[in-house]
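Protein chains in written order, with the numbering used here: chain F, 1 to 113; chain G, 1 to 110.
Don't read these hints as lab results, they were simulated from the structure.
Even for Gly, the Cβ is constructed at its ideal location relative to N, Cα and C.
Treat the hints with caution; some may be incorrect.
What the hints assert, rightly or not - Have a look at the derived ranges for each label pair, beta carbon to beta carbon:
id	chain 1	residue 1	chain 2	residue 2	range
1	G	Trp-40	F	Gln-17	25 to 31 Å
2	F	Gly-28	G	Trp-40	23 to 29 Å
3	G	Gly-41	F	Ile-55	25 to 31 Å
4	F	Pro-8	G	Asp-10	28 to 34 Å
5	G	Glu-105	F	Arg-20	30 to 36 Å
What the hints assert, rightly or not - Short, incomplete list of chain F residues facing chain G, as computed with Cβ under 10 Å:
id	residue
6	Gln-37
7	Leu-38
8	Gly-42
9	Ile-55
10	Glu-63
11	Phe-65
12	Ser-66
13	Glu-68
14	Ala-93
15	Tyr-103
16	Phe-104
17	Gly-105
18	Pro-106
19	Arg-109
To be verified - Far from chain F, by Cβ distances over 10 Å, these chain G residues were calculated:
id	residue
20	Ala-17
21	Arg-22
22	Ser-26
23	Asn-31
24	Gln-33
25	Ala-65
26	Glu-67
27	Ser-82
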Amino acid sequence: NAGVMQNPRHLVRRRGQEARLRCSPMKGHSHVYWYRQLPEEGLKFMVYLQKENIIDESGMPKERFSAEFPKEGPSILRIQQVVRGDSAAYFCASSDFRTDTQYFGPGTRLTVL
Amino acid sequence: GIQVEQSPPDLILQEGANSTLRCNFSDSVNNLQWFHQNPWGQLINLFYIPSGTKQNGRLSATTVATERYSLLYISSSQTTDSGVYFCAVEADNQGGKLIFGQGTELSVKP
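Bound conformation, chain F alone (with noise of 0.2 Å):
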């Protein structure tokens, strides 16, 4: 059984450009939570979707990220117009039931240029 897969592993963009990172959670699990590591801090909380419906996106900022679980295909984190603030690795994970173990992707670093 295949685990969290995420891919770019690494994407650089350029200040102004658009970051789409994709997740595909383990073999039937149908919950993905996306986390956000700012260097030098812990791991953050950003959003939580099931498939076609974001259940908890209290972490997001307000503008220019967005998130997706669409009922085919992988999850997508999506930041528009991308600043150096958002250089990050950001992590996905997926369970199989709401209350259970988490299991995370090995990340995307984003460096904002």
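Go by the hints and put chain G onto chain F.
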């Protein structure tokens, strides 16, 4: 919201030594997990342990939910144990969202 505090923030050990890492949380939880973030940045699941005791090789963990703390024990440490250890909890009324502590940075010297 729920607060998660880990101690100590840093720890240096000689290979072969034992250690105990602590995680205190301020409210009742549905979920508690321990992770190891290795020097390459990957987050490795260690334990899912909202209560009770579990063991996996040289690692074991105990959560006393009524007293709102969890302990991670590392015995006979190895250099590959180096990295940051995170405790993360899901509060009773915060379905799905894991709140992470600031971590304990462990360095095991040969």
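For which of the previously enumerated hints does the structure constitute a violation, in increasing order of number?
-> 7, 10, 11, 12, 13, 23, 24
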